[in-house]
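Engineer: Residue-level listing of the chains:
Number of protein chains: 2
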Amino acid sequence: MPKIKLVIGYDGTDFHGFARQPGLRTIQGVLEEHLARIHNHPVEVFGSGRTDAGVHARAQVVHFERDVGPPADKYVYLLRRSLPRDIVPILAEEVPDDFHARFSVRTKTYRYTIQRAAIPDVFSHRYTWHEPLSMNVQRMQEAAYDLLGEHDFTSFCASTTHVEDKVRTLFAVDVAQRGTYLDIICSGNGFLQYMVRIIVGTLVDLGEGRLDRQIRQILAARDRSLAGRTAPARGLCLWQVDYEGNEVHNG
Amino acid sequence: MPKIKLVIGYDGTDFHGFARQPGLRTIQGVLEEHLARIHNHPVEVFGSGRTDAGVHARAQVVHFERDVGPPADKYVYLLRRSLPRDIVPILAEEVPDDFHARFSVRTKTYRYTIQRAAIPDVFSHRYTWHEPLSMNVQRMQEAAYDLLGEHDFTSFCASTTHVEDKVRTLFAVDVAQRGTYLDIICSGNGFLQYMVRIIVGTLVDLGEGRLDRQIRQILAARDRSLAGRTAPARGLCLWQVDYEGNEVHNG
Chain A
1 MPKIKLVIGY DGTDFHGFAR QPGLRTIQGV LEEHLARIHN HPVEVFGSGR TDAGVHARAQ
61 VVHFERDVGP PADKYVYLLR RSLPRDIVPI LAEEVPDDFH ARFSVRTKTY RYTIQRAAIP
121 DVFSHRYTWH EPLSMNVQRM QEAAYDLLGE HDFTSFCAST THVEDKVRTL FAVDVAQRGT
181 YLDIICSGNG FLQYMVRIIV GTLVDLGEGR LDRQIRQILA ARDRSLAGRT APARGLCLWQ
241 VDYEGNEVHN G
Chain B
1 MPKIKLVIGY DGTDFHGFAR QPGLRTIQGV LEEHLARIHN HPVEVFGSGR TDAGVHARAQ
61 VVHFERDVGP PADKYVYLLR RSLPRDIVPI LAEEVPDDFH ARFSVRTKTY RYTIQRAAIP
121 DVFSHRYTWH EPLSMNVQRM QEAAYDLLGE HDFTSFCAST THVEDKVRTL FAVDVAQRGT
181 YLDIICSGNG FLQYMVRIIV GTLVDLGEGR LDRQIRQILA ARDRSLAGRT APARGLCLWQ
241 VDYEGNEVHN G
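In the order they appear, the protein sequences are chains A and B. With the UniProt record's numbering applied, the first sequence closes on residue 251, and no number is skipped along the way. With the UniProt record's numbering applied, the second sequence closes on residue 251, and no number is skipped along the way.
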């Protein structure tokens, strides 16, 4: 059965996260509903991973299988006509049988955006965390460096996470100023629940001087309570998902 | 009684417009509720004018009177702590008795933003009209020029408008490209209901070749049905309100 890979962007504000949940508006639920309409039968969508309620995506990747249906390159047009304005189809293409939106992922990149202006821009409030307190950005950058590489990230994930293996590899944690905004960009081979938001909350707590603990010490303890706050969902955006043999998937 | 002038920005998406309406979430309603809490008694707010449901403001101006209460410059801090994130207080100052947020207005400026990229930016969907069809921007600029000056704008306002005098003066109607966005900026001494949105819809219809009529002919007819579409509310933003003796009121 032909397999279609679809890249979508979404404004997570009005969704209860990515994963289908009965009676709730979710990305997977809305997408499956519109794909079922196009094919006249149910279509199951597989995402590169879940995003939590309120989290956005510039370029989430999903796949689905279908026997008959329009050519791959028609999906963007058909879905754009049909989807609500807060989900935008960006790219669709046919992929080999062994492609899987989740299991073939090589690198995921998230961007978290903090708004630091004293007077917040009201048009960014859904997409940023307004935290105007003074921060030692250099200290945050140094702490970010200590997160790189392969670690057990138990201290940086929701304490309710049931995944057994909490070892992940971070390829980049960049803290970058952009005008009155501060972007924290994290790339890695996988992320645990709330991992980026706890990394961001911890870096901010360190930068503001609320927390006085070395990242190495927090990692080694494997104890969520030693890390900082969980930054709010609204500042987080799934930026890019990369697959083997494929450098950049989205514009 | 001291009179306080307050400049606010708001994201109009989740409001039923500016004007207080029983049981509905409106800018005036929310603002009065929070000011009443600060003063421990009801406070009536007067705006520079209403904005319709879904319309935004970068810098709306309101005033209110109060006998006792905090110094003017404390309102921004107090309101920011208390208001929801989609209304942002920007500036507060004491003004002379004869100041009136509505009757003292000299110039109002609105910005309307059209998103023209084939693939819309999902994070702009609440603040723009996505209209990717090809447009003759030069033709739109020429038509905009014919709107300048004093005219009876009956053809460019909601046909249900009950105001008797529909003569207004436009000081500027600028059609400006900004990357893949097109801004239409209108300044004037006053605006009728839907006036900017009908101006924008008409300019777009002319630019796309859907409408083939001179602006002078539309103005002269004083007939709403000769003008173009009413552009959607979400692309419209009250940009600036200027008063006598005061050039710029907002950052």
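If you're looking for bench data, these hints aren't it; they were derived computationally from the structure. Mixed in with the good hints, there may be bad ones.
As the list claims (entries may be wrong) - Non-contacting residues of chain B with respect to chain A, defined by C-beta distances greater than 10 Å in every case (computed):
{"#": "1", "residue": "Gly29"}
{"#": "2", "residue": "Arg58"}
{"#": "3", "residue": "Asp67"}
{"#": "4", "residue": "Asp86"}
{"#": "5", "residue": "Phe99"}
{"#": "6", "residue": "His125"}
{"#": "7", "residue": "His130"}
Unchecked claim - Label pairs and their calculated CB-CB ranges:
{"#": "8", "chain 1": "B", "residue 1": "Glu142", "chain 2": "A", "residue 2": "Arg37", "range": "52 to 58 Å"}
{"#": "9", "chain 1": "A", "residue 1": "His162", "chain 2": "B", "residue 2": "Val137", "range": "35 to 41 Å"}
{"#": "10", "chain 1": "B", "residue 1": "Ala172", "chain 2": "A", "residue 2": "Thr169", "range": "33 to 39 Å"}
{"#": "11", "chain 1": "B", "residue 1": "Arg37", "chain 2": "A", "residue 2": "Gln21", "range": "35 to 41 Å"}
Just so it is clear, CB atoms sit at the ideal spot from N, CA and C, and this is done for glycine as well.
Engineer: Each hint needs a verdict: does it hold in this structure or not?
Structural biologist: How the hints compare with the structure:
1. Gly29: 17 Å, holds
2. Arg58: Non-interface label on Arg58 of chain B violated, nearest chain A Cβ at 8 Å vs cutoff 10 Å.
3. Asp67: Check passes; 28 Å lies beyond 10 Å.
4. Asp86: Non-interface label on Asp86 of chain B violated, nearest chain A Cβ at 6 Å vs cutoff 10 Å.
5. Phe99: At about 22 Å from chain A, Phe99 of chain B clears the 10 Å cut-off, so the statement holds.
6. His125: 4 Å, violated
7. His130: At about 8 Å from chain A, His130 of chain B fails to clear the 10 Å cut-off, so the statement is violated.
8. B:Glu142 / A:Arg37: 52 to 58 Å: 43 Å, violated
9. A:His162 / B:Val137: 35 to 41 Å: 56 Å, violated
10. B:Ala172 / A:Thr169: 33 to 39 Å: 55 Å, violated
11. B:Arg37 / A:Gln21: 35 to 41 Å: For Arg37 of chain B and Gln21 of chain A the Cβ distance comes to about 36 Å; the hint holds.
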